[in-house]
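As you go down the protein sequences, you meet chains B and P in turn. The first sequence: position 226 = 225 (numbering that gives the first Met the number 0), numbered continuously. The second sequence: position 81 = 80 (numbering that gives the first Met the number 0), numbered continuously.
No lab work stands behind these hints, which were simulated from the structure alone. From a predicted model like this one, the values you see are computed outputs, not experimental measurements. One or more hints might be untrue.
Taking CB as the label site, the calculated pair distances span [claimed, not checked]: (1) B:Glu126 / P:Pro330: 39 to 47 angstroms; (2) P:Lys24 / B:Leu360: 25 to 33 angstroms; (3) P:Arg311 / B:Asp228: 27 to 35 angstroms; (4) B:Arg311 / P:Pro13: 34 to 42 angstroms; (5) P:Gly39 / B:Asp371: 22 to 30 angstroms; (6) P:Arg104 / B:Glu252: 55 to 63 angstroms; (7) B:Lys186 / P:Lys186: 55 to 63 angstroms; (8) P:Arg159 / B:Asp109: 40 to 48 angstroms; (9) B:Ile113 / P:Thr253: 51 to 59 angstroms; (10) B:Arg104 / P:Lys163: 51 to 59 angstroms.
If you want a taste of the chain B side facing chain P, the calculated C-beta under 8 angstroms gives, among others [claimed, not checked]: (11) Ser8; (12) Ser32; (13) Leu220; (14) Pro282.
From the three backbone atoms N, C-alpha and C, an ideal C-beta is built for every residue, glycine too.
2 protein chains.
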Amino acid sequence: MLYLDYAASAPIRPGALEVLTTSIKEDFANPSSVHKLGKGLHKRIEDCRVTFLEFLGAGKNDRLIFTASATEANNTLIEGIHLKTGDAVVVSFADHPSVTAPMERLRKRDIQVIELPLKKDGTPEEEAFLKLLNPSVKLVILTHVNNQSGVILDIGRWGREIKKINPGVHIHVDAAQGFGKIPFSLKDGIIDSLCISSHKIGGPKGAAGLYLHAGVKMLPLLYGGGQEDGLRSSTQAAPLIFSFCEAAREAMETMESSLEHVFKINQRARQCLKEKLEVVDFPFTQHTSPYILTFLLPGISSDIILRHLEQRDIFISSTSACSSRVKGANPVFTALHLPPKMHKFVLRVSFSHETTEADVLTFCDTLAIVYDELRMYIKYKAR
Amino acid sequence: MLYLDYAASAPIRPGALEVLTTSIKEDFANPSSVHKLGKGLHKRIEDCRVTFLEFLGAGKNDRLIFTASATEANNTLIEGIHLKTGDAVVVSFADHPSVTAPMERLRKRDIQVIELPLKKDGTPEEEAFLKLLNPSVKLVILTHVNNQSGVILDIGRWGREIKKINPGVHIHVDAAQGFGKIPFSLKDGIIDSLCISSHKIGGPKGAAGLYLHAGVKMLPLLYGGGQEDGLRSSTQAAPLIFSFCEAAREAMETMESSLEHVFKINQRARQCLKEKLEVVDFPFTQHTSPYILTFLLPGISSDIILRHLEQRDIFISSTSACSSRVKGANPVFTALHLPPKMHKFVLRVSFSHETTEADVLTFCDTLAIVYDELRMYIKYKAR
Numbered sequence: 000m001l002y003l004d005y006a007a008s009a010p011i012r013p014g015a016l017e018v019l020t021t022s023i024k025e026d027f028a029n030p031s032s033v034h035k036l037g038k039g040l041h042k043r044i045e046d047c048r049v050t051f052l053e054f055l056g057a058g059k060n061d062r063l064i065f066t067a068s069a070t071e072a073n074n075t076l077i078e079g080i081h082l083k084t085g086d087a088v089v090v091s092f093a094d095h096p097s098v099t100a101p102m103e104r105l106r107k108r109d110i111q112v113i114e115l116p117l118k119k120d121g122t123p124e125e126e127a128f129l130k131l132l133n134p135s136v137k138l139v140i141l142t143h144v145n146n147q148s149g150v151i152l153d154i155g156r157w158g159r160e161i162k163k164i165n166p167g168v169h170i171h172v173d174a175a176q177g178f179g180k181i182p183f184s185l186k187d188g189i190i191d192s193l194c195i196s197s198h199k200i201g202g203p204k205g206a207a208g209l210y211l212h213a214g215v216k217m218l219p220l221l222y223g224g225g226q227e228d229g230l231r232s233s234t235q236a237a238p239l240i241f242s243f244c245e246a247a248r249e250a251m252e253t254m255e256s257s258l259e260h261v262f263k264i265n266q267r268a269r270q271c272l273k274e275k276l277e278v279v280d281f282p283f284t285q286h287t288s289p290y291i292l293t294f295l296l297p298g299i300s301s302d303i304i305l306r307h308l309e310q311r312d313i314f315i316s317s318t319s320a321c322s323s324r325v326k327g328a329n330p331v332f333t334a335l336h337l338p339p340k341m342h343k344f345v346l347r348v349s350f351s352h353e354t355t356e357a358d359v360l361t362f363c364d365t366l367a368i369v370y371d372e373l374r375m376y377i378k379y380k381a382r
Numbered sequence: 000m001l002y003l004d005y006a007a008s009a010p011i012r013p014g015a016l017e018v019l020t021t022s023i024k025e026d027f028a029n030p031s032s033v034h035k036l037g038k039g040l041h042k043r044i045e046d047c048r049v050t051f052l053e054f055l056g057a058g059k060n061d062r063l064i065f066t067a068s069a070t071e072a073n074n075t076l077i078e079g080i081h082l083k084t085g086d087a088v089v090v091s092f093a094d095h096p097s098v099t100a101p102m103e104r105l106r107k108r109d110i111q112v113i114e115l116p117l118k119k120d121g122t123p124e125e126e127a128f129l130k131l132l133n134p135s136v137k138l139v140i141l142t143h144v145n146n147q148s149g150v151i152l153d154i155g156r157w158g159r160e161i162k163k164i165n166p167g168v169h170i171h172v173d174a175a176q177g178f179g180k181i182p183f184s185l186k187d188g189i190i191d192s193l194c195i196s197s198h199k200i201g202g203p204k205g206a207a208g209l210y211l212h213a214g215v216k217m218l219p220l221l222y223g224g225g226q227e228d229g230l231r232s233s234t235q236a237a238p239l240i241f242s243f244c245e246a247a248r249e250a251m252e253t254m255e256s257s258l259e260h261v262f263k264i265n266q267r268a269r270q271c272l273k274e275k276l277e278v279v280d281f282p283f284t285q286h287t288s289p290y291i292l293t294f295l296l297p298g299i300s301s302d303i304i305l306r307h308l309e310q311r312d313i314f315i316s317s318t319s320a321c322s323s324r325v326k327g328a329n330p331v332f333t334a335l336h337l338p339p340k341m342h343k344f345v346l347r348v349s350f351s352h353e354t355t356e357a358d359v360l361t362f363c364d365t366l367a368i369v370y371d372e373l374r375m376y377i378k379y380k381a382r
């Protein structure tokens, strides 16, 4: 089996698996219980929190809230910070649905939703974007690494540019695809909030985090026992948090070498695809994460390609798993300026530190075979 | 170690552990992915959903939404159903914080929150309660098994009484402490929604469910990829769902024999406590779950008792873990008519199918020793 859909979800790392299986057996108490079993778990959760804040380069009074998903983290922030009628939010429609779908609810509250304009290469249209930042804009959402284009934003630089123009704006970053893979730091205190995800870096599904810069005020989405500093009530899923923490530790420790490795893999894949399939086009080439490679393969619809690849036990995708339910035009493709007639030809492969050169060559060869077979079949049928 | 705090959280069942550890390794794909790895997971999640609906005695078009916690399930329902200014909600303040804390948010929306009146034994004050159900009441929240008093509500009977008076009302049930332990069925279609929890029945923390009767309309709390029938976006944590499903299967299959066993254990505990500690008082005796035993031990504050018990590796509680952060008067104790001067003497032990008679005797003997020692020490100091 050849799995090249790591951006959708990654297998659990051995260390994270070990932490989870041990913890799930031993750490059965409720971390909110006042006896020492509860207090012990509480203490270890607080240690994980500190670890994550260190990984993020966070400041002294910054906070991190554990949630069950990056979707929950994004929703909690977007719904939780103070926005009133007439305020505006700037967001790219190329972002993940967990960022764009909550905009519906904001619109119902008469909050204006303004599109962050992108260039054809998936990077922000700088001048046009900065011009939008009038004082009514209270929230700007940035995506550290776009799950489709792979485009990396230098969130520090963009943050500074944005705050030069509108110092009071809240900047939220969706870092689900970047955390543990592409370096960034929050140490300059420019970013107000940021979400991270466990299962994208080899931690278990069901864990994620919401970073909050010191002084950020918000209301919770979940009310109850007041866990997570009152911002996310629910029994804390201690084993998932500990395992997420271990996955993050492994990812952070090996980030540089993994990045170097995946960069080579990505280059090899591009080269091989170009060689084997003349029609292949790479629409995103500027500042992209090597972990994600989106390309167009005109001629055969991507759902047919995916089906033929999976028959050969190769698993890739065309868009984010969370966008797979989209009926009709994919708004992410539109925001990324992919021509409508090309939408059905989009393919996305995504890599991990474990992907080998042999893997990408196998993928590339198989894709070329599948493509040629299908083309021949279509030609044959057309005769 | 003697753990008697199962109502706070229960150890994972061996079968559920096996399912989890296997699934966490093998089921790494994203259940929303369109390839067969994703579709396979999707199918198995749907199978679990059907299993849960069967366990609940649900009807043909009823739904179950997987969430990350019972708190999330309660919040999703309370926030998601249509309530407008001037509507009223009836809820007992003896209920879990995940039911009572979201009332704050409803009050801000000018929705009236009316207290469901209880008798001294923790059961509803029937006549007074039913009198409250005027047409402006759109939501009634019932707790199947109260986590403090252990009182079991016959939700079918109460549902019918309520709907006789107010047929249009939505009845939501918090069944976190009862599901898999105390039988109930939703087959008569009277209950509109109900929440269940994984970690209370030996499943992993981080999984729960919200049952919705056919035709219930609501908005989601989490927007994004549209998972869970559009009502709970987030990558589905497949391994947690599968493990929760297995824990529920074990709990349902052994419910009757476990209940019989725990009933005996509870009787033995009451008897022993009465024999060894004359001052013990059991305020809740009518229709209580044998899994929960709350009693008053006047003389020594419960936090001191808990500390001395935990020094002997015995773990009990005084109230729900989610209420442990409450400063000052515990509103649950007040709603249950415990006299304010007795609040500091409340103790709660909770059992599982694995608790033995020897366990409760050890607990009882140790509590008597601890109590006597502390009394002597206090007397000595007072001289």
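Each hint, compared with the structure:
Taking the beta carbon of each, Glu126 (chain B) and Pro330 (chain P) are about 56 angstroms apart, not inside 39 to 47 angstroms as hinted. At about 27 angstroms, the CB distance of Lys24 (chain P) to Leu360 (chain B) agrees with the hint of 25 to 33 angstroms. About 33 angstroms separates the C-beta atoms of Arg311 (chain P) and Asp228 (chain B), a value consistent with the hinted range of 27 to 35 angstroms. Taking 34 to 42 angstroms as the suggested C-beta distance range, the pair Arg311 (chain B) and Pro13 (chain P) conforms, at roughly 38 angstroms.
Checked against the hint of 22 to 30 angstroms, the C-beta distance between Gly39 (chain P) and Asp371 (chain B) comes to roughly 29 angstroms, which is consistent with it. Take Arg104 (chain P) and Glu252 (chain B): their Cβ atoms lie about 42 angstroms apart, and the range 55 to 63 angstroms is violated. Checked against the hint of 55 to 63 angstroms, the C-beta distance between Lys186 (chain B) and Lys186 (chain P) comes to roughly 58 angstroms, which is consistent with it. Separated by about 42 angstroms at the C-beta atoms, Arg159 (chain P) and Asp109 (chain B) satisfy the suggested range of 40 to 48 angstroms.
Distance hint check for Ile113 (chain B) and Thr253 (chain P): the Cβ-Cβ separation is about 57 angstroms, which falls inside the suggested range of 51 to 59 angstroms. Between Arg104 (chain B) and Lys163 (chain P) the beta carbons are some 36 angstroms apart, a value that contradicts the proposed interval 51 to 59 angstroms. Because the closest C-beta pair between Ser8 (chain B) and chain P is about 4 angstroms apart, less than 8 angstroms, the hint holds. Look at Ser32 (chain B): its Cβ gets to within about 5 angstroms of chain P, closer than 8 angstroms, so that hint holds up.
Hint status for Leu220 (chain B): holds, given a least beta-carbon distance of 6 angstroms to chain P, under 8 angstroms. Interface hint at Pro282 (chain B): violated, since its Cβ lies 21 angstroms from the closest Cβ of chain P, which is beyond the 8 angstroms cut-off.
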